[in-house]
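Peer 1: Throw the hints in and build the complete structure from the sequences for me.
Chains as they are written, first to last, in the working numbering: chain V, 528 to 814; chain U, 51 to 406.
Keep in mind the hints are simulated off the structure, nothing from the lab. A quick note: this is a predicted structure, and the numbers were derived from the prediction, not measured. By construction, the Cβ of each residue, glycine as well, lies at the ideal position given by its N, Cα and C atoms. Any given hint might turn out to be false.
[Claimed, not checked] Selected chain V positions facing chain U (in silico; Cβ < 7 Å): (1) Glu707; (2) Gln708; (3) Glu710; (4) Ala711; (5) Leu713; (6) Ser714; (7) Leu715; (8) Gly716; (9) Ala717; (10) Lys721; (11) Pro729.
As a plain string of letters, each chain reads:
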Amino acid sequence: MPQMGTKTKKQPLVGVHTESAWIRFILTGTALLFVGFFLIIPLITVFTEALKNGLEVYFASVTEPDAQSAIRLTLLTAAIVVPLNFIFGIAAAWCITKFQFPGKTWLITLIDLPFSVSPVIAGLSFVLLFGAQGLLAPVLDSLGLKIIFAVPGIILATLFVTFPFVARELIPVMQAKGSEQEEAALSLGASGWKTFLFVTLPNVKWGILYGVILCNARAMGEFGAVSVVSGHIRGMTNTIPLHVEILYNEYQFTAAFAVASLLAMLAIVTLIVKGVLEWKGVVDGKG
Amino acid sequence: MDINVKQISKNYGSFQALKEVNLTIPSGKITALLGPSGSGKTTLLRMIAGLEMPDSGSIYFGDHDYTTKTVRERNVGFVFQHYALFHHMNVFENIAFGLKVRPRKDRPSKQDVQRKVNELLHLVQLNGLDRRYPAQLSGGQRQRVALARALAVEPNVLLLDEPFGALDAKVRQELRRWLRQLHEQLHVTTVFVTHDQEEALEVADQVVILNNGQIEQVGTPDEVYQHPKTKFVYQFLGRVNVFHAEVNDGRLHIGEALFAAPDENIQTKKMIGYIRPHEVRITRHNDNQKSIQVKVRRIQSYGPIVRLELERLKTNDLIEVDLSVEQANQLNVKNDEILYADLEKIKFFSDSPSVE
Chain V
528 MPQMGTKTKK
538 QPLVGVHTES
548 AWIRFILTGT
558 ALLFVGFFLI
568 IPLITVFTEA
578 LKNGLEVYFA
588 SVTEPDAQSA
598 IRLTLLTAAI
608 VVPLNFIFGI
618 AAAWCITKFQ
628 FPGKTWLITL
638 IDLPFSVSPV
648 IAGLSFVLLF
658 GAQGLLAPVL
668 DSLGLKIIFA
678 VPGIILATLF
688 VTFPFVAREL
698 IPVMQAKGSE
708 QEEAALSLGA
718 SGWKTFLFVT
728 LPNVKWGILY
738 GVILCNARAM
748 GEFGAVSVVS
758 GHIRGMTNTI
768 PLHVEILYNE
778 YQFTAAFAVA
788 SLLAMLAIVT
798 LIVKGVLEWK
808 GVVDGKG
Chain U
51 MDINVKQISK
61 NYGSFQALKE
71 VNLTIPSGKI
81 TALLGPSGSG
91 KTTLLRMIAG
101 LEMPDSGSIY
111 FGDHDYTTKT
121 VRERNVGFVF
131 QHYALFHHMN
141 VFENIAFGLK
151 VRPRKDRPSK
161 QDVQRKVNEL
171 LHLVQLNGLD
181 RRYPAQLSGG
191 QRQRVALARA
201 LAVEPNVLLL
211 DEPFGALDAK
221 VRQELRRWLR
231 QLHEQLHVTT
241 VFVTHDQEEA
251 LEVADQVVIL
261 NNGQIEQVGT
271 PDEVYQHPKT
281 KFVYQFLGRV
291 NVFHAEVNDG
301 RLHIGEALFA
311 APDENIQTKK
321 MIGYIRPHEV
331 RITRHNDNQK
341 SIQVKVRRIQ
351 SYGPIVRLEL
361 ERLKTNDLIE
371 VDLSVEQANQ
381 LNVKNDEILY
391 ADLEKIKFFS
401 DSPSVE
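Peer 2: In structure tokens form, the structure reads like this:
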């Protein structure tokens, strides 16, 4: 799209800062040092450790049956959790931004709960609820369902932890958009569903994608809550992060780092996609 | 299709946006809802559209009660103040939206949609811009796309919320004239909201003046300007000089000037008089009993009028008077000169707490 309307958006910052050169140098230097020390060096370490014994060992560690099973479980979890949070996130953002109702501020606070609660506590609360001695144990037993130390528990815990991502990303975008376009669509005779599909959704698509990507990254990387409910059964209830921990505790460093490098690559891809989306969002003037 | 609004009330929390409003919007005419911000004009427009629901009262489109119908069922064309164009669709897709979202059985064919959109593009003078996106259009062009989009569904009534509010003075002027012309071609019942009295008087067939959620006056532009029914209307429609009059012996006194009381059995002691700057006649001699002595403080000439700033001799109050250039040349007014201001055309209202 040509550069119309972007004139006012990016004002160069020339002339607004009064700090002297050395203050600017120290501030920039500190920031770069932190990023390098805490982000770049560890990331490089993961890959160098993983490849220390050559590509062959690396591929062997990643393709070994337990690792494969961990990868499959992680993918399965993400495949279930992300779509559910996608639906929940849109529904929550929709009702919060488009309607007025009592208890709205409460709902916003509650959506943030998984951010403020330690994942371990979340995992524990699931154990207390669904575990062998848990509140719902009699019901689950009679139905023959097993949740804790099984795949459903892992999915539930991940769902809880990643719950806010899409909604949190969407609420500000939808608030900024207002409801005028929806009102226009309705006045033109569009049904609620068509309005949502043709007007609301395209308007917030970058926001949704961004939320989904963050949600996916967290769903695949979650450790704490999943660790409590999983039971660490090799080849059955181990996700990638749990598998990395087991390998590490068994002093299989190269294998641990090899599997960890998968998550690191996911992180890098997430960051790149996020950057592209933000750039697209700015260029198109969309959320 | 004429629209009847009956006893409509609406509250937002403790704020009364509309108080038992009754209004008839004549078919095929342009009606302006005019008022200051917070007067309830936009709320009334949105209620006609079905974008807001009244707390009480009813709305009739023709003979049909539309009070509980949704915006979707009312078939209105609504043009939003900030256009509300679909940013991810080009001009063509924006205009075609209302046709394409119809249920399958009522949906026109691709060719019909194409033909209809081309007609509308021609009507709003945007031929050749159908592939542009809203971000690539000027404000005036966006406004016209919004109008074409609203007209595409062949609405019962066209509703415009501050249609020219976000445009600069020159474009506003052009679009006003254009809207008038467009209306003469289409004759669709039109209601628009504005806070600009000039816009309302220039474009509308009927002007509705709202204040504090109530209608102050309804009439043609000429009626409301020449014969304001309330103090508010007098003050809101253009500049006005205000005088306080004493009631004595059944006559009204403004300083040395005398006026007949509007009502012979007048009870109040005081009245308030309004006169517009161009209604004051300036003379060198007191040729009737309705003049007051003034001193010229400032002479300001621009365009076709000369504005005099006069100081009332006894009270030092300032009065504004507009003269045509010819009148001013004839009188040959000088600064600090003493003249007579003839207030014959003054209109009196009871001096109850004034409404701003």
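Peer 1: Could you run down the list of hints and mark each one as holding or not?
Peer 2: Hints, one by one, checked against the model:
| no. | hint | in the structure |
| --- | --- | --- |
| 1 | Glu707 | holds, 4 Å |
| 2 | Gln708 | holds, 5 Å |
| 3 | Glu710 | holds, 6 Å |
| 4 | Ala711 | holds, 4 Å |
| 5 | Leu713 | holds, 5 Å |
| 6 | Ser714 | holds, 4 Å |
| 7 | Leu715 | holds, 4 Å |
| 8 | Gly716 | holds, 6 Å |
| 9 | Ala717 | holds, 4 Å |
| 10 | Lys721 | holds, 5 Å |
| 11 | Pro729 | holds, 4 Å |
Comparing the model with each numbered hint stated earlier shows that all of them hold.
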